[in-house]
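Hey, can you work out the whole structure from these sequences and the hints?
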Amino acid sequence: MRGLALAASVVMAASVLAAETAQERLGDSARVFSEIMRTPDKGIPQDLLAKAQCVVIIPGMKKAAFVVGGEYGRGIAECRHEDGKGWGAPAAVRMEGGSFGFQIGASDTDVILLVMNRHGMVRLTEDKVQLGADASVAAGPVGRTTSAATDASMTAEMLSWSRSKGLFAGVSLSGATLRPDADRNEELYGHKMSNKEVLTGSMEPPQAAHALIHELDRYSTFSGADRAK
2 MRGLALAASV VMAASVLAAE TAQERLGDSA RVFSEIMRTP DKGIPQDLLA
52 KAQCVVIIPG MKKAAFVVGG EYGRGIAECR HEDGKGWGAP AAVRMEGGSF
102 GFQIGASDTD VILLVMNRHG MVRLTEDKVQ LGADASVAAG PVGRTTSAAT
152 DASMTAEMLS WSRSKGLFAG VSLSGATLRP DADRNEELYG HKMSNKEVLT
202 GSMEPPQAAH ALIHELDRYS TFSGADRAK
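Sequence positions in the sequence shown follow the working numbering and run 2 to 230.
Think of the hints as simulated: they come from the structure by calculation, not from any bench. Careful: at least some of the hints might be erroneous.
Stated by the list, open to error - The calculated SDA-like cross-link candidates involving lysine to any residue, where the alpha carbons are at most 25 Å apart (straight line), are:
1) K166 x A212
2) K52 x T126
3) K52 x K63
4) K63 x K86
5) K166 x H82
6) K63 x H120
7) K63 x E97
8) K52 x Y73
9) K52 x T201
All values derive from a computational prediction rather than experimental measurement.
What follows is the structure, encoded as structure tokens:
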């Protein structure tokens, strides 16, 4: 009976997670990012956004008993064009596991990561990256600028934040894994594409991505001198 119950919970949870389309996930990502950045004193410092190579947004990370670590979510990765003059096409990602600290009791948690250098961006294009092992990750500072940032957050390849029940804060996601979401990429582009092909290529962003790209343009600058090397 216990085995049947667990199997049923897996099927039910997987069905819920699969219900949202890739286009809807892009819309949710744009909304989450915009809501967080509209409160700059409690948002992501814009000088960090100016330096970031990529942004990963996982809206509505959920608790899922069938995942080791207890959390599972689908989201979107966006990286800058190589010349730094704008954001490219989005790639679909999945996140599993990780510790959400003070928010561990929440059922839904929005997660944002900034990838701060080229090495971190390369990791993002691989089949799997474990945060803290394959790429260094630290809780990101909150506010208009990075004046309150710690040494750890200034040297990490990725910085992470989470929001749940209105509370937004930097949070360590060490132990979480990021993987490409091949099915959602196919849904967005009409054929199979790897995250490396999407993030490092010259794909035209789908219409559903325009709102997210607009918000990223609005809150970040594109000075090559400011970007992490």
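Against the structure, the hints:
no.: 1; hint: K166 x A212; verdict: holds, 24 Å
no.: 2; hint: K52 x T126; verdict: holds, 19 Å
no.: 3; hint: K52 x K63; verdict: violated, 29 Å
no.: 4; hint: K63 x K86; verdict: violated, 34 Å
no.: 5; hint: K166 x H82; verdict: violated, 34 Å
no.: 6; hint: K63 x H120; verdict: violated, 29 Å
no.: 7; hint: K63 x E97; verdict: holds, 10 Å
no.: 8; hint: K52 x Y73; verdict: violated, 28 Å
no.: 9; hint: K52 x T201; verdict: holds, 18 Å
In this structure, the hints that do not hold are numbers 3, 4, 5, 6, 8, in rising order.
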